[in-house]
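Q: So the chains spell out like this:
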Amino acid sequence: MTPLTEALVLGQLCLLVVVVAAAWRRRFPAAFLAYLLFQAGYLGLIFAAEHLITWNAWLLKEAAQAGIKLWLLAALGRDVLGGYPRAHARFRWRAGVILVVMAGLAIGTAAFFPDRRLIAVVAPMFVWIMYGTTAAFGLLLASCLWHLIPIEPLRKAILLGLSAYLLVYCFTTYVITQAWYASDAAGYVHNAVYLMMLVYWAFAAWDRERHHALLTPSIT
Amino acid sequence: MMIWAAFALLALGVLPVLLILGRRSEARMRREWTQSMDPQAHDHFLAMAGQMTDEWESADIVVERACELQKLGSTQEALRILDSGYEIITAFAPNMIALLAALSAYSRRVTAMAPLPPLQPSKYRAAPVVSLVYINAVLHNFLVSTAERFRFRAYILARCFSTAAKYMWMYVSRVKVRPDLWRDWDRIDVLRRDFGALTADSVEQYRALLSSQFVTHR
Chain A
1246 MTPLTEALVL GQLCLLVVVV AAAWRRRFPA AFLAYLLFQA GYLGLIFAAE
1296 HLITWNAWLL KEAAQAGIKL WLLAALGRDV LGGYPRAHAR FRWRAGVILV
1346 VMAGLAIGTA AFFPDRRLIA VVAPMFVWIM YGTTAAFGLL LASCLWHLIP
1396 IEPLRKAILL GLSAYLLVYC FTTYVITQAW YASDAAGYVH NAVYLMMLVY
1446 WAFAAWDRER HHALLTPSIT
Chain B
-12 MMIWAAFALL ALGVLPVLLI LGRRSEARMR REWTQSMDPQ AHDHFLAMAG
38 QMTDEWESAD IVVERACELQ KLGSTQEALR ILDSGYEIIT AFAPNMIALL
88 AALSAYSRRV TAMAPLPPLQ PSKYRAAPVV SLVYINAVLH NFLVSTAERF
138 RFRAYILARC FSTAAKYMWM YVSRVKVRPD LWRDWDRIDV LRRDFGALTA
188 DSVEQYRALL SSQFVTHR
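Those protein sequences? They're chains A and B, same order as listed.
Heads up: the first sequence runs through residues 1246 to 1465, numbered per the working numbering.
Heads up: the second sequence runs through residues -12 to 205, numbered per the working numbering.
With the rest of the complex left out, here is chain A:
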């Protein structure tokens, strides 16, 4: 790990602690806490015992993270759209269609991949799963926009930050798989965007005044 990467990881770890502490003072989805704790655990592992991070460990981490993201998506969907039955029903079936199509593409890609090693089969699947998750988060935001639904500030920050981060993550992961020589640059971009997302979340979680003024009907 280079000194710059080390500093970035340490910064992310500190910010994760700040976000958890700031968000603790209010009601937020349990899935968000699970996501933050999982991230903190993984970053801690990178920092303390980098030799444990093998390709298989990375796959395991991605699989667990994909599950947590879907849980977070469902929780945010219920929190934000729960008070609006028509919008919620539409969101559910459209997100379902997106995820089923992406799962189909992931399985299809893996089934026809010539290299049968685990990493070679599963890595392309994760790309489609990431795309599906990002599209589903985008769909949730688009539903709020289309139905003119107000969003509570912390949840808005989670949605906006995570969607933007996932978009960058999709891009950098694909760059790493296609052009290994650009992996260092892609890694720095990814770390920087992740750090920005945490700063944004920390500010949103800290801003208690606006939170009380803008609770949505679905949460109150």
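No lab work stands behind these hints, which were simulated from the structure alone.
Hints are not guaranteed to be accurate.
[As the list claims (entries may be wrong)] Sample of chain B residues lacking proximity to chain A, with all beta carbon distances greater than 12 Å (derived):
(1) Trp(-9)
(2) Pro3
(3) Arg17
(4) Leu103
[What the hints assert, rightly or not] Interface residues of chain B toward chain A, partial, derived using beta-carbon atoms under 10 Å:
(5) Ala(-7)
(6) Glu19
(7) Ala134
(8) Arg170
We put the beta carbon where it would ideally sit given N, CA and C, even for glycine.
Go by the hints and put chain B onto chain A.
A: Positioned in the frame of chain A, the structure of chain B alone reads:
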């Protein structure tokens, strides 16, 4: 290649949503919801429908009077009155277009929309307006939900207002130069009637949204 295409599609879809939603004021959204859910607002909104009709009637009377005066031979007086009537219409048409756009946006909040019939071509006489109304009458049957039909009807009404105002401007400009063009005076009269029908249909649309909204929130 396929993954790049998927990423480009994803970025094109998600980025504009992030930008628009990032700039949106949640306080304003919440205020609008609170206002729209207030039962006392219903009477106020109904009064607004009356105001729309009154506003149109004042323009209608003035333009009708101008056409009558022209038939009686008082050309200068007719042109003077037509000018003031046209001024009222130039203020009225953009207001109605803005109102219809707002209705269309507002309809996205309502859980269940009251059904509305398609626009009736027999109520209109000016050819450009009638052709738009026919489009609505035909495509109305291809749309599935009442909310989609509502928004399409509002869109066509707004287009009709815009088209009618454009033609009105054209005929008024022509009769100002050549007041003896009787055919243009007749067309102004036809457009006046169409404006009346458009206003009545817009008010019907407005009332349908109000009833849907307040039934939904009760």
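Q: State for each hint whether it applies.
A: These are the hints, each one checked on the structure:
no. : hint    : result
1   : Trp(-9) : violated, 8 Å
2   : Pro3    : violated, 9 Å
3   : Arg17   : violated, 4 Å
4   : Leu103  : holds, 18 Å
5   : Ala(-7) : holds, 6 Å
6   : Glu19   : holds, 7 Å
7   : Ala134  : holds, 9 Å
8   : Arg170  : violated, 46 Å
Of the numbered hints listed earlier, those contradicted by the structure are 1, 2, 3 and 8.
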